[in-house]
Amino acid sequence: MKSVTLRRRPTSSLLKSTLLLLFLAFSLSSYSQDVDVARQKRGKTLFKTLCSACHKLDKKLVGPPLGKIEDSKENTWLLAWIKNNAEFRASGDADAIAIFEEYNEATMSNFPQLTDDNINDILYYTTVGEIKKAPVAAVTGTVGAVEKGAPPQWLIYLLAAAIIVAFLMIASLLRQVNELKGNRNPSVSSNFKRDVQEFWIGVKNNTFLKVLATIFCLLIGAYLVFGSLFQIGVDQGYQPIQPIAFSHKIHAGDNKINCQYCHTAAKHSRHSGIPPVNICMNCHKNISEVAEETVVKLDDGVVLGKAELDLEIGKVYKAAGWDPDESKYTGKEQPIKWVKIHNLPDFVYYNHSQHVTVAGVACQKCHGPVETMEEMYQYAPLTMGWCINCHKKTDVKLKTNGYYEKIHKQLAAKYGVEKVTIAQLGGIECGKCHY
Amino acid sequence: MASSKKYWKSVEELKDSSVVETLRKNEFVENIPTDDFLGDKETLENSSTTRRDFLRYVGFTTAAASLAACEGPVIKSIPYVVRPDDVIPGVADWYATSMADGYDFANVLVKTREGRPIQIMPNKEANGTTSARVQASILSLYDEKLRVKEPQDKESLLSWSDAYSKIGAKLNELKDAGKPVVLLTGTLASPSTDKIVKEFIAAYPNTKHIVYDAFSESAAVDAFQTMYGKRALPKYKLENAKTIVSFGADFLGDFHGGLEKEYVGGRKPETGKMSYHIQIESNMSLTGANADKRIIAKPSDVVYALINLYNAITKEGVVSRPTPIDGKIKEIAKELKKSGSKAVVMTGINDKNAQLISLAINKALNSEIIDVKNTLHIRQGDDAAVAQFVSDMKAGKIAGLISYNVDPIYSLANASDFSKGLKKLRLNVALSIENNDTTNTADYILPTPHFLESWGDTHFSKGKYGLMQPTIQPLFNTRQFQDILLKWTGNSTSYYDYLKAYWATDILGDFSWNTALHNGFFTKVPVAVAKEVAVEEGTTESISIAEVARILKNNTTPSAMELNLYTKTGLGDGKQANNPWLQEFPDPITRACWDNYLTVSIADSKEIGFDNPVKDNGAINGNYANVTVNGIMVSNIPVIVQPGQAKGSVGLALGYGRTFGLKEEMQVGVNAYPLYQNANNIQYNIKVEKASGTHEFACTQVQKTIAGRHDILKVASLKDYLYVNPKDEHHGWNKPAMVSYDHKEVEASKINIWDEHNRDIGHHFNLSIDLTSCTGCGSCVVACHAENNVPVVGKHEVRVGRDMHWLRIDRYYSSEVETREEAKKLGLSRAEMYRELETEAENPQVTFQPIMCQHCNHAPCETVCPVAATSHGRQGQNQMAYNRCVGTRYCANNCPYRVRRFNWFKYNNNNEFDFNMNNEYGKMVLNPDVVVRSRGVMEKCSMCIQMTQATILKAKKENRMVAVNEFATACASACTTGSLVFGDVNNKKDTVTTLAKDKRAFHVLDYLQTKPNVVYQVKVRNTNEA
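Taken in order, these protein sequences are the chains called A and B. Numbering follows my numbering, in which position 304 of the first sequence is assigned residue number 304; successive positions increment by one, without gaps. Numbering follows my numbering, in which position 663 of the second sequence is assigned residue number 663; successive positions increment by one, without gaps.
A couple of the hints might just be wrong.
With a straight-line Cα cutoff of 16 angstroms, these simulated EDC-like cross-link-like pairs (lysine to aspartate or glutamate) come out [to be verified]:
no.	chain 1	residue 1	chain 2	residue 2
1	A	LYS267	B	GLU173
2	B	LYS923	A	ASP346
3	A	LYS59	A	GLU326
4	A	LYS397	B	GLU958
5	A	LYS44	A	ASP58
6	B	LYS338	B	GLU368
7	B	LYS195	B	ASP497
8	A	LYS306	A	GLU289
9	B	LYS397	B	ASP417
10	A	LYS56	A	GLU289
11	B	LYS76	A	ASP346
12	B	LYS957	A	GLU405
13	A	LYS406	B	ASP760
14	B	LYS999	B	GLU270
15	B	LYS989	B	ASP760
16	B	LYS237	B	ASP371
17	B	LYS735	B	GLU747
18	A	LYS399	B	ASP1006
19	B	LYS363	B	ASP417
20	A	LYS409	B	ASP760
21	A	LYS60	A	ASP323
22	A	LYS44	A	ASP117
23	A	LYS414	B	ASP760
24	A	LYS83	A	ASP58
25	A	LYS267	B	GLU958
Calculated from the structure, these hints are not laboratory results.
Please take these sequences and the hints and turn them into a complete structure.
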């Protein structure tokens, strides 16, 4: 079996608690004086809503690039073209027809709703373009330490035990040093000290206490060993490096794309389904680059900016066999080899649709705050105890799901029960998940 | 009466040998093979490994293992680039298609997961059925060892365009020279392919199409042609029959493709009517095992008995010979006449004259059961044409051969003539799915796809068509036979377009192609009931039965020893010999797997000196025999002593002994085709000699004895069933077990040693098994393999009693004279009576009993598991958590039904078990919803909990209650005759709810109070004697 080095989320709270302060930079912007910012903004908004599906400023998409279009075309020509494209071509404008033919006779929508001012705003935006941000000053702020999860209990016990053992060792060493120095019968300075010494000698000579101490140590040892053994195979926090730095935060968080828009199988199947590349291309056909200010901060401190992220989108194009320059599919497809994060053993049967469609459980319940994750990791322990705890607490939809109609009636008649948990209905029987 | 019957599983058991007695006490006959992996003492002592070295190794491996365990494997997940619309990963798609491989024809549904076919089920809308072979054919798809992967000539691989042009050039050369070419295929039964072949012949007029079936029913087809003027087979509507008389026709086996559904349709005791079935045969066939009355006779006597029956019915006096069973034949004649048009006679003798007489008897009876109008087309082999072709080829009169999926070098009796002829050919092209002896001789081998990768159509019987559609992308670089012929014909359309156009014009009429394809079948005209025995088309010859009988008598030469060749339920004609599921499928009668063998009668075995001693590990051994027919000897055939075999006859199965290209494990048995001379399944004047050596059988017969619990089965006669109270104290045929409770006799089922749970709420699953309908065909066994990823363990492991079948079909013999009362009635003396009762019967009655986990509500296995790995579900299923099991095997020891199976080894990814779970292709058939078990855990029937759970989930998702009869298990879905019925007894409308309360219902070993959820229905035989 192949194995690669895994990047684990730094879960160790000991490490984390040492990072008490985090410095965050936020930025202010200033603009050059000769640009009408308000007008540029109005134009940009209109451009994004109406034009960006087919046009870009600097690249061909469905239609020609529009950056600085005013330099090459008359304003009146542009107004006529934009308002009612088909009519304008019908009027026999040679230039218009030529462009139409050059772009595979793709018909442009009519925009009768746009006033001349609107259009001029858009054109202003195409001329001015994006306004570059200039960082002015970094203001420091303090953020409290982020406590992610309490340290495991066994660690505390281990530390405590170590401290006690160390203390005892030092004490006994000191005593031996004393004895070696010849202070065999140390002059007793106080009654208290003598009492302690006599007590210690008493303890030393008491076999029962020795046995008790040994048993205690063995129990602690066994507890620690078992505790750590039970953690084997639990991959909570597993965060492998994926072939594409896909950010759930940008997609599900910032852009609020529904989980099941991409994970289409979750409501039908046992698998949630890693989305096929054609689903990516629904949007990414038009989104070939991220916005200027987009930043993805990975958990290991790597920060990806626009340059890196655009390359990641390029990987999607490569997989789909999409040529962004020519705007067409080449047919050279290359499936993406994602690394599976949530792995259940073979002998467990789990069904997404049972939980998503029937129970209506939110994805986040098991997968955590995915919409905030720049990089996906395993949130839940996915142990059997974890499954069963939920099955013991959750009520089945006796009243709302038609499947339970008869069962509900019988339960109500026989036991007067209106609410039962999954476990009470046999949801924690071995055979329900192990076959 | 039922409880006084004596059932037995083997001759050895009847003898009560001490070995059997020991075996009864051991659930596991073999101990853990410590010696195998530790070696014997001597080797251990000679070993140079010192104690210190040993400790070093242990230390190092432990450290290495713990280090390796720290990092889990990285699992990749690769989604589609463009997901097909109809594929949702994790959700199965079903396609309706048809199977046609030249021997098996069926309307089937194919379950695919993520584009891989994983299971075949009958297409019930099309009235389809699946035999064990049809079920198992899905595994042959993934047979990467045997399948041809690339077009090739003798030296190297070719591209398809090269292959086309090279062979095309040769074909044209032969055409221009006017040299004859033969197109040799099996039965195609495909109208569109027939048309393509015709067009090919029109383009190459020097070509002749010859149909060659390895196991031939040519005689029946020829006889039908002579009498009714059409090369086809009649249909038998057995569901309406009153009396069925079969002269060696194994119609529950392979005769006419199997008639079990029709047969069982006419045997429903609850309707008060059952057909009366008399079987006259020499071998113990599956059909004979199911018969109400089985008469044993030597093959030659079967032939004469047939003529005698003709005489008795028509009062004619055509030439014949007296036989020992003439008295019985007279009674049969009376019985047949009484039933009149509701009677039917069949014969499985592959002799045209015998077939003609059988047809003449049906004509004389004016039988409505034989349907000569709606003819059957799934057997078209022509023995005479094949024989002519082989002699022509040997004489050098044939210049070219194009063979398609046939292997004459393996399956022809005169294969040496065929091979000689091959050398004189100028062109020898083999189109084939698999490599075999014949493709090995070919100049060019062109790979063709499996039926699950193909387009096609099938004309099963008149008006009944099936469509075939691909369920997977071709695994290898294959082209369809039809596409290849079209290409050579110069037609550039693809076969798919051709098929669609052909169906549109010639078959469908106004019916939609897409709907027909979706259904997988199409019925052209409503099949009319044939009132008159006449066929419109074709001309009939006038036949003189006297002449026919004279020839038949001359052809039949009674001799001291006669051979009856047959095909086994598992392997059939041997097309799927490389299929591990079929090899490990126990024969319904002998319960032996991985072998064919000579079946010898008890009397003959004593004479020649054959026996089957039982070894102390429960395996049986056998002697070898050499069989000679017309100077051709097949040597070292293992011998099984078969109760019910006619004295003076032996039986031998075809389809075994294939070697070319097969995995070493599958090269088992002996090839009996050299004895199949003139394609006749009966051979006279044979010589059987004992040869030296001991054969080791892999037989599931003896190990699982029933420890003297003879009331494991209940059988009643139809008369008793109808008129006797089942619980009657003296004559009852379904008496409940009684136990003493508080010093009173009470029904065992009425008392509880544990507190009852409330089982009324939710589902409660029951499986009903009707012993009357079960013919023992075993399609459920293979369906269970496919659904539940049951491993194949190989011959040796089966031999030592480690077979893994979750579902087995036990076969019990019982003697004809079963009770004292019967003996008294027959006027037997006391000594005779005991002999009859105790000695091995020459002609025993046979009963089949499918046994799987009984899912006891009070399960003995559950209480003894030290780790609670097996527990009871609220829905009645006895659940087995493999990951919890530590392998103590206490549960198996405590199970009274012996249905638990232990994984002695890791059967997947293990070169020691090189079957389908050990290669990438074979693993594609695994059901992803069921885990593949690992070594050291117990497993057993789960009552297809993955299927019941899926049904419940489907209902929940659709926001509704589970529909009536919606629950299913693989075995019940696959059951051809509807013997197995599964359902929820808490749903009053489910069929199983009624069945569980039926007066025929009983639990096996009910006095143990295990309260099983599997309920059996008493077997009812239409016998007048009780």
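Hint check:
For the hint pairing LYS267 of chain A with GLU173 of chain B, the CA-to-CA distance comes to about 62 angstroms; that exceeds 16 angstroms, so the pair is violated. Simply put, LYS923 of chain B and ASP346 of chain A have alpha-carbon atoms about 15 angstroms apart, close enough for the 16 angstroms limit, and the pair holds. This hinted pair checks out: LYS59 of chain A and GLU326 of chain A have alpha carbons roughly 10 angstroms apart, not beyond 16 angstroms. Pair hint LYS397 of chain A plus GLU958 of chain B holds up; C-alpha atoms about 14 angstroms apart against a cutoff of 16 angstroms.
A hinted pair counts as satisfied when its Cα atoms are at most 16 angstroms apart, and LYS44 of chain A with ASP58 of chain A qualifies at roughly 15 angstroms. Taken as a hint, the LYS338 of chain B and GLU368 of chain B pair is honoured in the structure, with Cα atoms around 14 angstroms apart against an allowance of 16 angstroms. A hinted pair counts as satisfied when its Cα atoms are at most 16 angstroms apart, and LYS195 of chain B with ASP497 of chain B qualifies at roughly 14 angstroms. Of the pairs offered as hints, the one joining LYS306 of chain A and GLU289 of chain A holds, with about 8 angstroms between alpha carbons and a cut-off of 16 angstroms not exceeded.
Proximity of LYS397 of chain B to ASP417 of chain B is assessed by CA-CA distance (about 13 angstroms); at most 16 angstroms being required, the pair is judged to hold. As the CA atoms of LYS56 of chain A and GLU289 of chain A are separated by approximately 11 angstroms, the hinted pair is consistent with the 16 angstroms bound. Taken as a hint, the LYS76 of chain B and ASP346 of chain A pair is honoured in the structure, with Cα atoms around 15 angstroms apart against an allowance of 16 angstroms. Under the criterion of a C-alpha separation no larger than 16 angstroms, the hint pairing LYS957 of chain B with GLU405 of chain A is consistent with the structure, at around 14 angstroms.
Distance restraint check for LYS406 of chain A and ASP760 of chain B: the Cα-Cα separation of roughly 11 angstroms lies within the 16 angstroms cut-off, and the hinted pair is therefore satisfied. Taking the CA atoms of LYS999 of chain B and GLU270 of chain B, the gap is near 10 angstroms; set against the 16 angstroms cutoff, the hint holds. Distance restraint check for LYS989 of chain B and ASP760 of chain B: the Cα-Cα separation of roughly 15 angstroms lies within the 16 angstroms cut-off, and the hinted pair is therefore satisfied. Taken as a hint, the LYS237 of chain B and ASP371 of chain B pair is honoured in the structure, with Cα atoms around 7 angstroms apart against an allowance of 16 angstroms.
Between LYS735 of chain B and GLU747 of chain B the CA atoms are separated by roughly 9 angstroms; this keeps the pair inside 16 angstroms, and the hint holds. For the given pair, LYS399 of chain A sits about 40 angstroms from ASP1006 of chain B by alpha-carbon distance, which is inconsistent with the 16 angstroms threshold. For the given pair, LYS363 of chain B sits about 40 angstroms from ASP417 of chain B by alpha-carbon distance, which is inconsistent with the 16 angstroms threshold. A hinted pair counts as satisfied when its Cα atoms are at most 16 angstroms apart, and LYS409 of chain A with ASP760 of chain B qualifies at roughly 12 angstroms.
Pair hint LYS60 of chain A plus ASP323 of chain A holds up; C-alpha atoms about 12 angstroms apart against a cutoff of 16 angstroms. In summary, the hint linking LYS44 of chain A to ASP117 of chain A is supported, as the alpha carbons are separated by about 13 angstroms, within the 16 angstroms threshold. Simply put, LYS414 of chain A and ASP760 of chain B have alpha-carbon atoms about 10 angstroms apart, close enough for the 16 angstroms limit, and the pair holds. Between LYS83 of chain A and ASP58 of chain A the alpha-carbon distance is near 22 angstroms, which puts this suggested pair outside the 16 angstroms criterion.
A C-alpha spacing of about 12 angstroms is found between LYS267 of chain A and GLU958 of chain B, which places the hinted pair at or below 16 angstroms, so the restraint holds.
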